[in-house]
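Student: One letter stands for each residue in the lines below.
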Amino acid sequence: MLSLPKLMRNNGHRLSLRARLGAGAGVVAVTGFGVAAMAGAFAPAASAQTAGHARSAPAAVRPLAAAMINAVVSDNATRIAPVAANIASRQPGAVAAQRTALAWVAKPGTRVLGESLVYASTIRFGSHQLVWLVSLNPAGGLHSVSGPPRTANFVVAMVSAKTGQWLMTAAGLSPTLPALPAIPAR
Amino acid sequence: MRWLSNRRPRWIALAGICAAGATLLTGAPMQAAIASGGGDGCNPNRSNNYLHYYFDGADSQNVGGTPGGVYASIRNYSPFVAGPNQGAPSNDDVSEWVMLDVQPASDDKYVQIGWIERPGGLRNTFVEWSFGPGKFYDDYYSPYAINSTQSYAVYFQPTENLMYGVAVNGNLVQRVADTDRPNDAQIYAEIHTQASQVPGGTADPSGKVAQVSAAHVWPTAGSSKGWQNFDGVTGAAGASWLGIAPGAGTSGVNSWRTWDKACKT
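Chains as they are written, first to last, in our numbering: chain A, 1 to 186; chain B, 1 to 265.
Don't read these hints as lab results, they were simulated from the structure. A portion of the hints provided could be inaccurate.
Cβ-to-Cβ under 7 angstroms is the rule here; a few derived chain B residues that face chain A [claimed, not checked]:
id, residue
1, 108
2, 130
3, 136
4, 175
5, 179
6, 209
Predicted, not measured: the structure shown is a model, and the values here were computed from it. We put the beta carbon where it would ideally sit given N, CA and C, even for glycine.
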């Protein structure tokens, strides 16, 4: 159980932990993401959406690689459980989720690399939320906010499968992932 | 480090941080998705010199060996952010944050939370942590209303597997475990090119609204003494157009204004 609030209980400062993640919060449930999807998560598929050119026809769901999922949950507080691929592929909303993810980047030329329908448990949004994880390769790259300008090699937006609302984007530089292919900023 | 060569050594540790909140201030709800920019900003009309770092804020002088947290109320100012039209990259940003970090800064080890704005008025609440030069992690969430004031905090609890937590207005939004203990606490506005505007408006806004207020630090993790005044020393190094009051070098500061001296109105 998270006991951080213990530190803050004095002085009237209380944290409201919306999601009790338990002692196993660091345990990540990542199963069902095939190794074969590894390449697919990085290599832009022919049907990949690009900012400013979103297509209306639903594309086949291209699940994120396990390595990328592992990068997303490397915060030790997020848990991801996949939805069965045969169900995910029939779930509507993938294209809309791609559009939402691209809108957050707001850079023409940005490509969607893949998407997975998962149950996500996060501190911010609670447990067992059905969401689309949309892997992106932003045009011009995405840098760290502070410190030296390191370029992220994973950028994954989380979009509610229920409401279609953008929830958050996780990004970073993981030593277990290769660099994203460079896309010039337009 | 090269990228920090124009900063005081103490700042170098910086990278950005985060924070958390404890006191509930205005409590404005998070906006849906992306804000459109608030028109606060003024173009300082300085040439682009991207990858020159400028920091305007304060560094706590009230930190023991291992601080247990830092928080402050920070106004969500919407500055002018240089982009391709000014010769800066489209992925540059202006940010303001609270942070626990490990000195020396060359290690690039820190945890921070605050607000960020990218070119085009793209704003977010952000959390960033870095535990070495080859790895960083960012979370971007919906932004708070422009010009609202929120309390951002970073906590550190050594007894919980060296767990860091970050919060806004007392609501924990993320946590991360690492092997490094912080030894410093900072609160700064950060820009990476002089073509961008330092947050905070003009020197004499109506009412002289503080950009940062109620800054506190938990000097020693695990200590029962709890939250104390931040007691920062203000710093605005690197350029004469960085405005801060109380003036740079003032110690014992828990509230301050920042502004860009190129902005007159």
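Student: Now tell me, hint by hint, if it's right for this structure.
Tutor: These are the hints, each one checked on the structure:
Given hint, residue 108(B) at the interface with chain A, holds; its Cβ is 5 angstroms from that chain's nearest Cβ, closer than 7 angstroms. Of the supplied interface hints, the one on residue 130(B) holds, with its beta-carbon coming within about 6 angstroms of a beta-carbon of chain A, less than 7 angstroms. Contact between residue 136(B) and chain A, as hinted, is supported at the beta carbon level, the nearest pair being about 5 angstroms apart and thus within 7 angstroms. Proximity of residue 175(B) to chain A holds as hinted, the smallest CB-CB distance being about 5 angstroms (cut-off 7 angstroms).
Using the Cβ-Cβ criterion of 7 angstroms, the hint placing residue 179(B) at the interface with chain A is not satisfied: the shortest such distance is roughly 12 angstroms. For the restraint placing residue 209(B) at the interface with chain A, the shortest Cβ-Cβ distance is roughly 24 angstroms, beyond the 7 angstroms limit, so the hint is violated.
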